[in-house]
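Please arrange chains Z, U and H on chain G, whose structure you already have, making use of the hints.
Here is how the chains run, residue by residue.
There are 4 protein chains.
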Amino acid sequence: MLRFESDYGEGAHPRVLELLAASNLEQTPGYGEDHYCEEARELIRKACSAPDADVHFLVGGTQANFVVIEAALKPWQGALCADNGHINVHETGAVEATGHKVLPLPAHDGKISAEQIREACAEHYADDSHEHMVQPGLVYLSSPTEFGTLYAKEELQAISQACRELGLTLFVDGARMGYGLMSEVNDVTLADFAALCDVFTIGGTKVGALFGEAVVIASPALKKDFRYLMKQRGAMLAKGRLLGLQFLALFQDNLYFRIAKRADELAMRLRQAFTEQGWPLLYDSFTNQQFPIIPDDVLQRLSETYSFSFWQKTDATHSAVRFCASWATTEEAVNQLIADLSNNRA
Amino acid sequence: MLRFESDYGEGAHPRVLELLAASNLEQTPGYGEDHYCEEARELIRKACSAPDADVHFLVGGTQANFVVIEAALKPWQGALCADNGHINVHETGAVEATGHKVLPLPAHDGKISAEQIREACAEHYADDSHEHMVQPGLVYLSSPTEFGTLYAKEELQAISQACRELGLTLFVDGARMGYGLMSEVNDVTLADFAALCDVFTIGGTKVGALFGEAVVIASPALKKDFRYLMKQRGAMLAKGRLLGLQFLALFQDNLYFRIAKRADELAMRLRQAFTEQGWPLLYDSFTNQQFPIIPDDVLQRLSETYSFSFWQKTDATHSAVRFCASWATTEEAVNQLIADLSNNRA
Amino acid sequence: MLRFESDYGEGAHPRVLELLAASNLEQTPGYGEDHYCEEARELIRKACSAPDADVHFLVGGTQANFVVIEAALKPWQGALCADNGHINVHETGAVEATGHKVLPLPAHDGKISAEQIREACAEHYADDSHEHMVQPGLVYLSSPTEFGTLYAKEELQAISQACRELGLTLFVDGARMGYGLMSEVNDVTLADFAALCDVFTIGGTKVGALFGEAVVIASPALKKDFRYLMKQRGAMLAKGRLLGLQFLALFQDNLYFRIAKRADELAMRLRQAFTEQGWPLLYDSFTNQQFPIIPDDVLQRLSETYSFSFWQKTDATHSAVRFCASWATTEEAVNQLIADLSNNRA
Amino acid sequence: MLRFESDYGEGAHPRVLELLAASNLEQTPGYGEDHYCEEARELIRKACSAPDADVHFLVGGTQANFVVIEAALKPWQGALCADNGHINVHETGAVEATGHKVLPLPAHDGKISAEQIREACAEHYADDSHEHMVQPGLVYLSSPTEFGTLYAKEELQAISQACRELGLTLFVDGARMGYGLMSEVNDVTLADFAALCDVFTIGGTKVGALFGEAVVIASPALKKDFRYLMKQRGAMLAKGRLLGLQFLALFQDNLYFRIAKRADELAMRLRQAFTEQGWPLLYDSFTNQQFPIIPDDVLQRLSETYSFSFWQKTDATHSAVRFCASWATTEEAVNQLIADLSNNRA
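Chains as they are written, first to last, in numbering that gives the first Met the number 0: chain G, 0 to 345; chain Z, 0 to 345; chain U, 0 to 345; chain H, 0 to 345.
Next up, chain G with everything else stripped away, as it sits in the complex (with noise of 0.2 Å):
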């Protein structure tokens, strides 16, 4: 079985459980206050231009998620996000359960716009009644989406200004940041991000690391005491160092990018080849993510061979699947594949 369903499904790449084996033995301190830590910053810090952000380790994404929102909001406000966004349909609640209602925008693409948010935020103060409701306190985002696309330099900007003008914080969730920098049509780099956001994620779990993401803080009202509610949270992990020692193998010799990069080639190999048998595809994606819309007999067909995710029926014989290509997606694996369609194996 060659397996293309997840990306998340293997460890780490090797050269992160080789910086854990070398220094297993070393006694540190714990709770992030360890020498890895402090490299690991001092790296994401230059890789993000961004000299004074500050940059916390958190294990996962939902933790990452709730810990920030929560850290930006007053009691009585909530965050605007696309309505398939993350935090509104596959945290269990997380940020309500931190008091906060998500208020959920239309998608278009995975995406919201600038003048969505303006608009909500109009809305709400035009109202006689807005103390009776969520007052709009943040903006979430993911870049790339849940389903692989990205937001262009320009809606980010856009994105951005609105924030600052209406006072809201914008948080960008970058679970798969690398396999949106890497990606072929992308225009934002991790200094926009840094440079346009009050605080954005850069996953790991997802892009080479056994799990981790960090979070970047560039707004100063952000930052003070923010391990207090991490440790509050949960998430401030005991051997802090373990996360430290993950990023810093991932941001030494630009490895994060060069496994991000490897993997979007491979699937935008797979896009072609989805293409090339006239298959739609669900989402326009540039990542390594593909959503292609393949005949239900021709899935049955693959799924002998290769594992890959159900997405939705699209009609009486169609299904959108996922393909995911990742650190540890062989060429082997893929040129496979795409012979198999192309000789009408599959």
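Check each hint, because a few of them may be wrong.
Chain copies aren't distinguished; within one or between two, either way the pair holds.
Said to hold, decoys possible - Computed cross-link-like contacts, DSS-like style, restricted to lysine-lysine with a CA-CA straight-line distance of at most 27 Å:
1) 222 to 312
2) 222 to 45
3) 73 to 222
4) 73 to 223
5) 45 to 152
6) 223 to 312
7) 45 to 260
If you are wondering where the hints come from, they were derived from the structure by calculation, not from laboratory data. Since the structure is predicted, the reported quantities are computational estimates derived from the model, not experimental observations.
The following block gives chains Z, U and H in isolation, referenced to the frame of chain G:
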């Protein structure tokens, strides 16, 4: 100015004030443990044909809603409700502030159906990732809805049946309960609510009291220790008898029902008058709130003599507005408005 | 039975009821945006010599306490208070229910000192693991305390100074504010509270109103959007004018101060009578609550004619009890009790 | 520098790393639904003689504590625990952040007794105002405590009996469970914990794992839907197998017990050496943590060669410090320290 803009703009029915004054110098235990509360509870139990129900008196509707919902839900559960339901749009995220997501369903005339509830649960459990989503735990209805519409007995029975099969708590917000019960199209009694729901409220604030909502708990599972939660959430009035004696005044001699019936009848006269003008109704309400769609120039003239609430623009030259009748609405005011309408003086 | 057991067992001062009745048929905007609330706010600002203060009216004390504390604190902060303070022992964990730990300090006569506050903060920040502990964020005092004792101006100034240096919000719970202000030993004015505190309450429930606490916000940082939180937490009364007009009645012609002064004077007469019997006082209170320690057999006889609250056993044959005076206490009752005591008829 | 300052300063036992490396390229389902987790669960159930227990793997101890406590409590309930218990002093109010008050009882050697628990409940319900106070709902113990002390089987049985009579959930935090089980004075087995507690944890972080706590749920009432809460609180690891395979490594061939036993034995040698110097012990610990009280000048000399944790000043010239042994402590280091002590070279 003759006022129709709200059903809670005045104080209380004179009988309520009389009882407040008559009892003023009496010293009683606090926190709802006085004899007035006990008598009022007994009258309400009788009115509901529910001798075993627990009855608690809370000051306001938002308070009653979130205390009941918090009492009923596990931390990972949410409340299904109409997307335009009060808890979803007009309580500043009070339910989310207790940690629970509101799970909105598309409303029709302010209502949701047993089928929608069944589908929502079926979809939830059919999803492989249901543990990553908020689990439906309670159904919140309002009857009358915020738009004056009512659940028919058949609809309520179907919802009750669905909730029992699915393990959901059924909670009906009766902020305007009186106006629903006495509506000419209503076929649901207080005894039906007690039999079909786990918990419901009988609103005082909008039906003759200064303030106060009676929470009627039919479900044994919800009864235990409810008063602890009331105290914790600031919902246990120190001089609790103020609530008890208001409900005592309202439920003696059927005052609650008589004033609601009179208000409904006045509203039906308004409804007929609007209809005779050829003005459509935004919602098909047979209760004390009426939502005619009226030409803007007519509204302009009306507003010189009558107060009403703006609801929404319906097209370039028309708006929906709300006219309310209550215990405080005079027949004279209604007569004059109808006369003005029929004489085209409005 | 002559009643001394509580200062909130009766209804309201007659002037309050009169104003309720006189305004009953008036239709006003809801939620505290009516002219009665505005007039009452203005009177309170004047009484506090605080023209820029924000004044909000909430129904109850527990509610006022947790809403204020939640508004002031970051998620990882807690409230320093006396270990026997109301928020720590008698509000069913209302503060914790908003996510914040109460940080108790050992009380002396119900009070804590500037020095204790400074030490608590010094210890917190001296600990290497302070990020693993709740950060002090606010100081909660009550004055009078639950035991009738008062903070002297000098004590309050020292606490205020400490709070400002340490970045702590200072909040005074004035549920019995009137009885403190008018005490013969008091040297703190409402203007002092407004100058020294960030926020404090002026209690109505125990000083002549049916219910109601005025929250006076002096600190600009706490003012913004406070009403959103009130609504979210069920603390915004629909017919908000009911609160406004009660405080209007109480602050017109200094009624609030006059009824408190009279109650304090009656309590001082009781204090003297208890002392003349040779009975010690559990707390050295110069306000409306008195806590004599009385032989149990005397209490037995007293209880046939007089009601009072049992407080605690002090030894095998004595108990401390509470006698309260309020606006509703009659001179006749006090005279008779004193006469009975001096004639050994009790 | 020979290091004794912590039992979680290094990485993991080599067997853990080996299994991580060996499984690295395998693709498995996420979120704890893989075969490694299942095998580890089965081994733990066997070790606990609890075939029906549910076993979940969480990343950290704070996380495990608040998720378990939140799952067990009603909103108005709190957790009884030792005043120096971890949840009360070193988790930044994590329990309060879920809305629940921690109810501290005075600890003796870090422990509380069945009698204290019974008294706390009796006092609660004896108070007329108990609805105004937080209701005890759960008992939190740690064994070993933070001070290395242990609950004897008789103590635990008495507490379990009390909890069952009083309707309290009994939760034991076993962050250092291994060191307790293998202590020469211990008489409690994992099977005892499973039989006497509703839920307990088996700590990995401090006993050979990189990270990870196994939550063992014996009580049927706590089992249902626990994974929803894990997900909501950020406690469901995406690559859940990382937890499963660590516990698999630790529970194969009794590794967990063997490394804990060895650490306890090294600690006992240290204990004896300290005692032979005439140095008292702050706590009477027979587990891997030792707390000798040592002259400050000796500590100064020791600190040139050995690392340890400062605990507290005990008088002007002495301090209590902590020496820990773990799987990573070498016999050579222990031998050298003992030799230095006996030669007065320290």
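Against the structure, the hints come out as follows:
1. 222 to 312: neither (44 Å within a copy, 34 Å between copies)
2. 222 to 45: Within one copy only: 18 Å inside a chain, 40 Å across chains, cut-off 27 Å.
3. 73 to 222: both (15 Å within a copy, 13 Å between copies)
4. 73 to 223: both (15 Å within a copy, 11 Å between copies)
5. 45 to 152: within (20 Å within a copy, 54 Å between copies)
6. 223 to 312: neither (47 Å within a copy, 31 Å between copies)
7. 45 to 260: within (20 Å within a copy, 46 Å between copies)
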